[in-house]
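A.B. asks: Sequence:
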Amino acid sequence: MKIYFCENVLYSLLSYARDMHPREIFLLLRGKRFRDGFLIYEFLFPPLTTLGKGFVSFNPSMIPIDLTIIGSLHSHPSGILEPSVEDYSGMYGVIMVIIAYPYNGVDCIAVFDKDGRHVHFEVVESSKC
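Residues in the sequence shown are numbered from 5 upward in steps of one, following the numbering used here.
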């Protein structure tokens, strides 16, 4: 599996994480089939999500059924780009994206599948999304 990010979406995610630092963020990712994987073209704010310093909480039962949601994204203000055990328990969808401090480019992003394996990703020009 491969993940593609629309360029404008990716840079919006990084900007939002920077703006919220040092609090963690949590978002849902909308995607569709694209080439040999999935294209992330939009993100959603889950209802009643609590963002804090070192934690995020949300109620999965409050998320409406939406088959376009392929995964979730959260930030690591610590700068660590590896998922914790808690990250897997809060995973929503088939991929987990982590963006880490300083949130300034693709080197601050990692994508994982449900088994914790790194998933390759690329950035696609917004005009091709």
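Hints listed in this document are in silico derivations from the structure and should not be mistaken for laboratory results.
Remember, it's a predicted structure, so these values are computed and weren't measured experimentally.
Just so it is clear, CB atoms sit at the ideal spot from N, CA and C, and this is done for glycine as well.
Just so you know, not all the hints are guaranteed correct.
[What the hints assert, rightly or not] The calculated lysine-lysine pairs, modelled on DSS-like cross-linking and capped at a C-alpha distance of 27 Å, are:
1) K57 x K6
2) K6 x K132
3) K118 x K57
4) K36 x K132
5) K36 x K57
6) K132 x K57
[Stated by the list, open to error] Quick list of the computed label-pair ranges, beta carbon to beta carbon:
7) M66 x G109: 16 to 26 Å
8) V89 x E129: 34 to 44 Å
9) D40 x S61: 13 to 23 Å
10) S131 x Y92: 29 to 39 Å
A.B. asks: Going back to the hint list, which numbers does this structure go against?
C.D. replies: Result: hints 1, 5, 6, 7, 9 break, sorted rising.
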